[in-house]
Amino acid sequence: MKLREARERWVSTGGIELCVAELGDVSRPTVVLVHGYPDSKEVWSEVASRLADEWHVVLYDVRGHGRSTAPSPLRGGFTLEKLTDDFLAVADAVSPDRPVHVVGHDWGSVQAWEFATVKRTEGRIASFTSMSGPSLDHFGHWIKQRMSRPTPRRVGQLLGQGAKSWYVYMLHTPVLPELAWRGPLGKQWPRILQRMEKVPADGYPTPSLPQDAAHGAWLYRDNVRPRLRRPRTDAYAHVPVQLITPTEDFFLSESLYDQLELWAPQLVRRALPAKHWVPRTRPDQLSAWISEFVAANEAARQGGLPVQGTSATGAYADRFGGQLVLVTGAAGGIGRATAFAFAEAGARVVAVDRDGEGAARTAEMAQLIGSPAAWGETVDVSDEQAVEKLAEKVAREYGIVDVLVNNAGIGLSGSFLDTTSEEWKNVLDVNLWGVIHGCRIFGKQMADRGQGGHIVNLASAAAFQPSRALPAYSTSKAAVLMLSECLRAELAEKSIGVSAICPGIVNTNITATTRFAGTDATEEKRLRNRTGRLYGLRNYPPEKVADAILKAVVRNQAVVPVTPEARGARLLSRVSPGVLRGIARLKPPL
Amino acid sequence: MTFAAKDGKAPELRGFREVQRLAYDCAEAVAAQLRPGVTEREAARMQRDWLRERGVRDWFHLPFAWFGDRTAFAGFKVPLQFFPTSRKLEPGMPFILDMAPVHKGFTADIGYSGCLGLSPLHDRLLADLEAHRELILREVRERRSLREIYEDVERLMIRQGYANRHRAYPFGVIAHKVDRVTERRWSPHVFGFGTQSLKGLASDALHGHRDGWSPLWSPYRFSDHLPRPGLWAVEPHLGFRGTGAKFEEILVVTDSKDPEQSAFWLDDDLPHVRRWAEEKVTA
Chain A
0 MKLREARERW
10 VSTGGIELCV
20 AELGDVSRPT
30 VVLVHGYPDS
40 KEVWSEVASR
50 LADEWHVVLY
60 DVRGHGRSTA
70 PSPLRGGFTL
80 EKLTDDFLAV
90 ADAVSPDRPV
100 HVVGHDWGSV
110 QAWEFATVKR
120 TEGRIASFTS
130 MSGPSLDHFG
140 HWIKQRMSRP
150 TPRRVGQLLG
160 QGAKSWYVYM
170 LHTPVLPELA
180 WRGPLGKQWP
190 RILQRMEKVP
200 ADGYPTPSLP
210 QDAAHGAWLY
220 RDNVRPRLRR
230 PRTDAYAHVP
240 VQLITPTEDF
250 FLSESLYDQL
260 ELWAPQLVRR
270 ALPAKHWVPR
280 TRPDQLSAWI
290 SEFVAANEAA
300 RQGGLPVQGT
310 SATGAYADRF
320 GGQLVLVTGA
330 AGGIGRATAF
340 AFAEAGARVV
350 AVDRDGEGAA
360 RTAEMAQLIG
370 SPAAWGETVD
380 VSDEQAVEKL
390 AEKVAREYGI
400 VDVLVNNAGI
410 GLSGSFLDTT
420 SEEWKNVLDV
430 NLWGVIHGCR
440 IFGKQMADRG
450 QGGHIVNLAS
460 AAAFQPSRAL
470 PAYSTSKAAV
480 LMLSECLRAE
490 LAEKSIGVSA
500 ICPGIVNTNI
510 TATTRFAGTD
520 ATEEKRLRNR
530 TGRLYGLRNY
540 PPEKVADAIL
550 KAVVRNQAVV
560 PVTPEARGAR
570 LLSRVSPGVL
580 RGIARLKPPL
Chain B
0 MTFAAKDGKA
10 PELRGFREVQ
20 RLAYDCAEAV
30 AAQLRPGVTE
40 REAARMQRDW
50 LRERGVRDWF
60 HLPFAWFGDR
70 TAFAGFKVPL
80 QFFPTSRKLE
90 PGMPFILDMA
100 PVHKGFTADI
110 GYSGCLGLSP
120 LHDRLLADLE
130 AHRELILREV
140 RERRSLREIY
150 EDVERLMIRQ
160 GYANRHRAYP
170 FGVIAHKVDR
180 VTERRWSPHV
190 FGFGTQSLKG
200 LASDALHGHR
210 DGWSPLWSPY
220 RFSDHLPRPG
230 LWAVEPHLGF
240 RGTGAKFEEI
250 LVVTDSKDPE
260 QSAFWLDDDL
270 PHVRRWAEEK
280 VTA
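In the order they appear, the protein sequences are chains A and B. Residue numbering for the first sequence follows numbering that gives the first Met the number 0, beginning at 0 and increasing consecutively. Residue numbering for the second sequence follows numbering that gives the first Met the number 0, beginning at 0 and increasing consecutively.
It is worth saying that the hints were derived from the structure and are not from the lab. Keep in mind that this is a model prediction, so the values were computed, not measured. Glycine included, each C-beta is placed from N, C-alpha and C at the ideal position. One or more hints might be untrue.
Stated by the list, open to error - Simulated restraints, written as ranges between beta carbons of each label pair: (1) B:GLU141 <-> A:ILE582: 43 to 49 Å; (2) B:GLU89 <-> A:ALA298: 53 to 59 Å; (3) A:SER414 <-> B:HIS206: 30 to 36 Å; (4) A:ALA298 <-> B:PHE192: 50 to 56 Å; (5) A:MET146 <-> B:ALA126: 57 to 63 Å.
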């Protein structure tokens with residue numbers, strides 16, 4: 000583990016020796032990482048090494064954990080007041096002249112909420128990034144509120160969190176938890192973590208785990224009951240807070256943070272589709288968010304300005320802020336609208352299209368509406384080598400793609416017997432092979448990184464609605480739909496979601512370039528105009544499809560029919576496919 | 000009405016040019032007074048008062064003001080939504096002032112886009128409108144059908160990444176004819192439109208219908224005809240998510256054979272045109 004390269008020192012406080020590790024340039028602003036239960040500072044190794052390029056990173060083993068010594072007796076030695084003493088001692092040792100940025104995970108975050116809300120740390124903390132650990136005081140008020148004014152929803156939240164907190168009750172039993180941790184549980188824990196959380200197995204947890212977990216039980220016993228029974232009423236954060244919520248956390252529900260703005264006036268929210276141990280499973284995303292937040296606060300401190308939230312204000316800004324999104328076919332229609340929707344949510348956007356000018360334009364406009372950075376790339380998705388080259392360039396210059404939207408597609412209409420093999424090849428090259436190349440090349444990068452991601456493939460309502468007018472197009476889209484479903488099954492274990500979007504008739508430019516098989520130029524032009532007009536009359540805006548795409552990513556939906564007619568066709572294809580076959584025989588009125 | 004030349008000596012054109020300038024002066028004066036908290040209704044009243052003080056008694060339509068995402072006509076379904084509301088102006092918000100006063104029997108119809116504070120996005124929209132002013136003039140001179148020009152404007156907007164928001168106007172018009180209006184002592188208005196001007200438009204529509212042309216420049220079949228000589232108030236309107244921008248000014252179309260004379264903008268000394276010129280100088 001990289002932590003071995005760290006400079007180590009010991010800080011003594013209240014009869015305890017704390018093991019402190021430092022990375023990075025000491026002249027830079029300091030970021031202190033506080034670990035949770037049952038962890039030691041090594042849980043941060045991946046995040047710390049990424050942050051060390053830019054910041055002075057400090058980690059320490061909480062008392063009784065890792066190589067720090069334990070209080071004696073243990074009872075009463077783990078109160079939040081004492082943990083605050085420890086933190087102040089570390090902060091004074093590593094950054095005596097300027098306030099530090101605190102990052103806490105799990106119990107580290109619970110502690111850090113105390114640091115960020117008590118008087119005596121004022122001026123010693125510059126910002127606080129919290130993940131998977133609420134303030135016990137806020138939690139106490141949260142419970143009281145729900146008990147005193149129960150509504151069905153609030154009772155549900157209370158029971159839900161109550162069930163998720165099973166381990167808290169267990170840890171309050173005397174002796175047994177210690178025995179379990181020092182015995183079988185301690186041995187099995189690394190395997191449990193791997194299975195439940197897909198934590199990479201690279202020397203973590205450290206061998207001190209049974210000891211750490213046994214000591215750490217006192218964190219719960221010393222603090223939980225007194226704080227929940229009598230929560231402080233003045234637990235207001237005196238620093239800007241960034242809240243990162245893993246949405247699939249086993250132990251904490253998202254509703255815990257419902258009214259957090261009341262306690263933390265300067266709050267930035269982030270959502271991460273991951274389980275509890277995010278410092279292990281999502282180091283890239285965490286370090287990017289931490290870095291961005293620390294940098295914003297440093298700038299604000301120097302400029303004397305209040306810290307604004309992220310500039311992006313669009314829907315799901317908490318989820319996509321700072322992520323890298325690649326959209327193909329982004330020079331117009333649904334692709335462009337999708338790029339803009341992600342840009343509004345604060346994502347960095349790579350707009351890809353064979354129309355380079357259009358792609359560049361999309362990138363330029365994306366930056367005007369909230370994207371911190373956007374690039375236009377000229378690539379034909381049916382060209383495998385070009386896509387490979389693009390993937391290399393993107394990975395090298397911008398990073399690994401978090402969300403891939405395979406949107407590029409072309410239309411082809413006309414009866415099967417009129418369609419030449421050349422036309423078949425063209426439509427399959429773009430509509431199917433384009434998607435295959437994208438999924439294969441970018442999907443592999445995502446899977447190799449092992450930190451999740453999402454792939455969106457644009458199929459069409461034509462994927463489940465047969466028609467005599469669109470045999471080739473429908474075939475290509477049906478293939479995309481099935482490909483997406485198969486890929487979804489395969490990539491689930493890598494935490495990569497796959498969604499197939501089936502828009503239906505949307506007012507885009509696709510009709511202007513649709514090829515009509517078996518027609519001459521004038522007839523084709525007439526048909527293009529005619530279908531273009533019909534699409535215009537239907538007038539379903541591509542922006543709505545873009546919204547559906549963002550929602551599909553956030554909810555990890557498998558198949559999303561968008562327009563009412565697409566939803567109708569989807570329903571019919573399941574309950575009464577015969578009706579669809581009947582409709583398929585009708586000649587379109589063109 | 001036909002016009003011989005662009006020289007501007009024609010008293011008819013001078014009258015139109017004067018009222019168009021007056022309207023743009025009003026827009027600039029009102030825009031300079033806009034502050035956070037001013038409502039659309041107040042902005043519309045400011046325009047009305049300013050013009051009344053300078054002798055305007057009749058209107059083609061009463062002044063409009065749109066703030067924030069209403070500049071992009073977000074969610075406009077019925078024409079009543081065009082009327083000023085109690086929406087308050089906030090820092091960073093775009094706004095559009097639109098008025099059509101009648102002065103000494105001459106009509107103008109103008110649109111003025113601005114933003115309270117700096118907005119790179121709004122600047123971009125305004126800058127991109129220049130291409131539309133050029134395209135419309137060029138294609139009218141080429142004597143393309145109005146419907147074709149309309150479609151080309153829309154295509155350009157889509158290529159630029161925008162939505163065509165003049166689609167939201169009644170009949171989806173990008174322009175309509177304006178003409179002289181006889182001044183009456185009593186000039187009532189219905190639904191914000193001056194009855195005298197509506198009368199003129201209606202009679203144009205009636206005559207045009209017989210001769211195969213329309214005083215409304217729309218995407219529909221009734222606009223599938225050559226540019227008709229006369230004065231057209233042209234208003235390309237860009238929308239980009241919650242931001243909209245437009246200009247509106249008069250295009251003079253004549254039956255001259257000389258392309259230069261066959262169509263020209265009534266006035267080239269208007270705020271948006273000056274703005275583009277300044278941008279070019281600084282660039």
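Verification of the supplied hints:
no., hint, in the structure
1, B:GLU141 <-> A:ILE582: 43 to 49 Å, "45 Å, holds"
2, B:GLU89 <-> A:ALA298: 53 to 59 Å, "25 Å, violated"
3, A:SER414 <-> B:HIS206: 30 to 36 Å, "48 Å, violated"
4, A:ALA298 <-> B:PHE192: 50 to 56 Å, "53 Å, holds"
5, A:MET146 <-> B:ALA126: 57 to 63 Å, "59 Å, holds"
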